[in-house]
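K.L.:
Add chain S to chain Y, keeping to what the hints say.
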Amino acid sequence: MKKIVWLVLLGSLMMAAVAVAATFRVVTEEATIRKDRKFFAPVVTRVPYGEVLQEQERRGDWLMVNYKGRQGWIHVSAVQEQKFDWSSLSGGRAAESTRDEVALAGKGFTPEVEKSFRNKNPKMRYDLVTQVESYRLSEGQVENFIRAGNLREPGGEP
Amino acid sequence: MKNRNHLMLIVMAGFILLGGCAEVVQVGTTVGQSAGVLSAKDKELLDKHATTMAQAARPMTEKEEYYLGRAVAATILGQYRLYPDSRRNEYLNSIGRTNALSSDKPYIYGGYHFAILDTDEVNAMACPGGLILISRGMLQRAGSEEELAAIVAHEIGHIVNRDGVKAISAARWTQAVTALGTDAAGRFGGRQLAELTTLFEGSVNDVFKTIVVSGYSQEQEKAADESAMIYMQRAGYDPSGLYDFLGRLAREQRGGDKRGFFSTHPGMTERLEMARSFLAAKGWKRMDHVARDQRFNAYRW
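Order-wise, the sequence lines are chains Y and S.
Quick note: the first sequence uses the numbering used here, first residue 1, plus one each step.
Quick note: the second sequence uses the numbering used here, first residue 1, plus one each step.
This is chain Y alone, in the form it adopts within the complex (with noise of 0.2 Å):
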């Protein structure tokens, strides 16, 4: 019988550690949370990878976040979801949707890793690599380039 009890708090102690709710994860170097649901909308603040932050609100591909005490919208792409995925039991894709981007990224190439590899192969141009990422556009100068070739602001609700 104590036994059963035990499976029992087994069973609620999986599911407590799995029914995380919606809360997300930076997984761009730096991410930007706005004041509208616009990639151009003013900046409330800036955060860098690997904050967590918890969903508000969601409206298309934008959510809204609350990061130390500043309020605003974030976009989908610069964050991944924490929240487990019950239907990924029955498929083959729990894996993908319960691992954690920022815990991986410490465990697989990294920095490190890329040092040895720069290390081993001292012809490698990274210093060119270094420039290319180097060119860094404003968004003034993205918005503007938009505007005068009469193009569409992307992002933005219809």
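These aren't lab readings, by the way, just hints derived from the structure by calculation.
Keep in mind it's a predicted model, so treat the numbers as computed, not measured.
Beta carbons are placed, not taken as given, at the ideal position from N, Cα and C, and that holds for glycine.
Some clues are possibly wrong.
To be verified - A few chain Y positions that, by computed beta-carbon distances, are all more than 10 Å from chain S: (1) THR23; (2) ARG37; (3) ALA41; (4) VAL43; (5) GLN54; (6) GLU57; (7) ARG58; (8) ARG59; (9) GLN71; (10) ALA78; (11) VAL113; (12) GLU114; (13) GLN141; (14) VAL142.
Said to hold, decoys possible - Think about it this way: if two alpha-carbon atoms lie no more than 25 Å apart in a straight line, the pair counts; the simulated SDA-like pairs of lysine to any residue are: (15) LYS105(S) with ASN144(Y); (16) LYS209(S) with LYS258(S); (17) LYS258(S) with THR210(S); (18) LYS120(Y) with LEU193(S); (19) LYS38(Y) with GLY110(S).
P.N.:
Relative to chain Y, chain S alone:
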């Protein structure tokens, strides 16, 4: 009593197999051990099994993809020079950013970056993680901003579809994930780091060979064409720009050029036909783009 213990083990094994979620199993085994139905050795075995299985099944994270892409780009840039024209670089990056924002993945770990390779060859390479390298030879063939947008949007399509990562042999990735074992994040032993570095090297080669030497499959190219037309249309570009640019390349390929890009991108005529039917099915008509045509003239080679 013994049967109950077996039942407990079966339940846990079931969770391992069904969930593949190591953290869940660890909660269960901890409880199981404190209840006295699992020995410390059983717990260790079950935890280890769960972690290995879960990791072997996992996809590459976006951050890992970013580091992989940097290495692929560093390899390519060992063979080409960058085209030192900041004005054209800015123009290309503006077109690229505009299309990226209209893509299905506007934000990626390190952002999208576009650069021109100083070569007459016709080529464009999307490194995983968002670095897109396009040859001067290819850009010079574009007859409008719409066609330039088609080139970059197609490459963004490869990144969003993660085609570069798919080039890595499944066996190699499984081996890399298994090599990680259950160690704490960011702390590799010397042997483990050496093994991972070798696997990283192999993965970089897999991607490099595919995007530079052998090319993506015809299906992947067609999917990237489709993505490109969708992103362009969302951004306000005329998606026929893709059809026009493919038409130019198809004429050159029919003309007998079988070097570089034309060898890694066979079947241009089929892609052209696919683009034509896609545009017709969507009902997207050609549009005027006077402002962009005027702008393009200032960047024409």
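K.L.:
Where does the structure disagree with the numbered hints, that is, which hint numbers, in rising order?
P.N.:
10, 11, 12, 13, 14
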